[in-house]
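Read off the chains here:
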Amino acid sequence: MRLADWVVLVGTLASIVAYGLYRSRGSNTVDRYLLAGRTMPWYAMALSIMATQASAITFISTTGQSYVDGMRFVQFYFGLPIAMVVICATVVPLFYRARVYTAYEFLEKRFDGKTRTLASVIFLCQRGLSAGLTIYAPALVLSAILGWPERATTMVMGGVVVTYTVLGGIKAVTWSDVQQMCVILLGLLVALVTVVVLLPHSVSFGDAAYLAGAAGRLNAVTTNFDWRDRYNLWSGLLGGTFLFLSYFGCDQSQVQRYLTGKSIAASRLSLLFNAVAKIPMQAFILFIGAMVFVFYVFIQPPVLFQNSALTRIQATDGYADMAARYQGAFERRRDAASALLEAHHAHDAAGQERGKSDYRAAQTDMDAARRRASQLVEISGGEKGFSDTNYIFLTFVTHYLPTGIVGLVIAVILAATMSASSGEINSLATVTVVDIYKRYVRRDATDHHYLEASRWATLFWGAYAVVFAGFAGRLGPLIVAVNQVGSLFYGTLLGCFVLAIGFRRVRGTAAFAGMLTGEAAILATAAFTDVSWLWYNVIGSATVVATALLITQARRAAA
Amino acid sequence: MPQPGQVPDEPPPFLGSWRRVYIAVVVYLACIIAGFFLFTRAYR
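Chains Z and E, in that order, give the protein sequences. Counting in my numbering, the first sequence runs from 1 upward without gaps. Counting in my numbering, the second sequence runs from 1001 upward without gaps.
Just so you know, the hints here were simulated from the structure itself, not pulled from any lab data. Don't be surprised by glycine CBs; every beta carbon is placed ideally from N, CA and C. One should not assume that every hint holds.
Said to hold, decoys possible - Capping the alpha-carbon separation at 16 Å, the derived lysine to aspartate or glutamate pairs in EDC-like fashion look like this: (1) Z:K356 <-> Z:D207; (2) Z:K356 <-> Z:D335; (3) Z:K262 <-> E:E1010; (4) Z:K438 <-> Z:E108; (5) Z:K262 <-> E:D1009; (6) Z:K356 <-> Z:E331.
To be verified - Sample of chain Z residues with no beta-carbon within 10 Å of chain E, all distances over it, derived: (7) V8; (8) S15; (9) T29; (10) A89; (11) M155; (12) F205; (13) N219; (14) T222; (15) S263; (16) L269; (17) I279; (18) D317; (19) R325; (20) A361; (21) T364; (22) G381.
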């Protein structure tokens, strides 16, 4: 990074935080601190919801995902508009009219205290584990690509997030999110334009799309059904709907965004904006990854994008052979791509078929060489299941983007980290104070007391996230396991809310027992089957509902 | 301050009713999936 990049990076982040703090003046009651006094306009909530959901890894990983596997990841979001419609029609008016601070508070109004507490504890465990990783994961990638020290990066990012979240509460979080989302969208647009400009002069935008498609990188829809495959039309529509119902309907980090709305209509509009905008935005990010792939058709990419892993395997037996195969396959792919474009321009159907065949064969050889390189990483003592997907986009950014734009893209990564992290810390503090402290420790204190408790809880969760991020590197492969923990709990929460809203005759004890059974079903599925995690929400929520209905029926029969 | 249960359900700023807005979102989803399907086929 050069001086201009640092100026862009620091200037962008400083202005985001300053604006957020400026807009948060007057957050001097619990209602204003945790729910912005329910005065937020729909567009601020809409962008805040989008920003909270989009962590840095979303941008780093999604582009890399497209580079190696194409655009089919976009199908993961097909369930989101359906989930948003269901939530707008059912959950939003219920939460809003109940005047709750948290989604779990509603469960006590509907069921009982133990069901609310179980849901709150599940949320605190799930979000608490991911809060540290939200900061750690981008710090890890930035340290590998830019050489920044991991610990210092997590401390600086975490320190900034904690400062504005503690001082300004949800208003600071939301208005910072708005700025962060604007920077993210601007950065993505600039990144795409720059990738296309950097393509060889003989390759037009249409040619680039043609080459990406010929390599299977524009495979936005795949209709084959497979339980183990996360990214196809059916898992996206069904599994995705359940996942997003859980996420936007039961996860306080999202629910708290739309509870700040000045009306039910404003809250609904903020969610429906996401229903409409999220899929095109994800497709846009994936398309950037596909264009990076085409860029590397003409400029040789490293066999591995993670430098430390590449250095590690260079001394191993088999590296020279693998590197030679990779070099040969790249040259064949580049020549085949040029021949394919010539045939395409000449409308030569036979030439195009021949060109595609050569191009894909060379791509297969390159993929095989990359797989062999990953094996060498494992053989030489590296992590099992090694993948360098998260390093592809930032390697491209730091090596080929012009000065200033590098700073902007790094600002996008940090802005995404800050927006996701601040939302998590803020919601963790809210559940801690409203569902645990106020419910079990101090029931009748003053508003000022709970305001101070909220600030201290925010500080606690912020410090916890930073400390956890600082030690996350020592977890090694456990990080992956910890990161997947979140997907183990959503189904249970969703099932409980389905019972609360859709089945009036179910009472607290049946719902509580249903939640415990649903959680056991999810854990058993994860432990003993290879069903993709996207289906855990379907299995968990169905088990919760079925168990609670059976218990309710049995109790009625006994009575 | 409105009491629980007394918050009015305002109509949306467009299309007249929330039901129509929800239908529009579902139709939009169908169109976008169809669009991506055609996009995939065109560049396959």
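Exercise. When the hints from earlier in the document are held up against this structure, which numbers fail?
Worked result: Of the numbered hints given earlier, those the structure breaks are 10, 13, 14, 15, 16, 17, listed in rising order.
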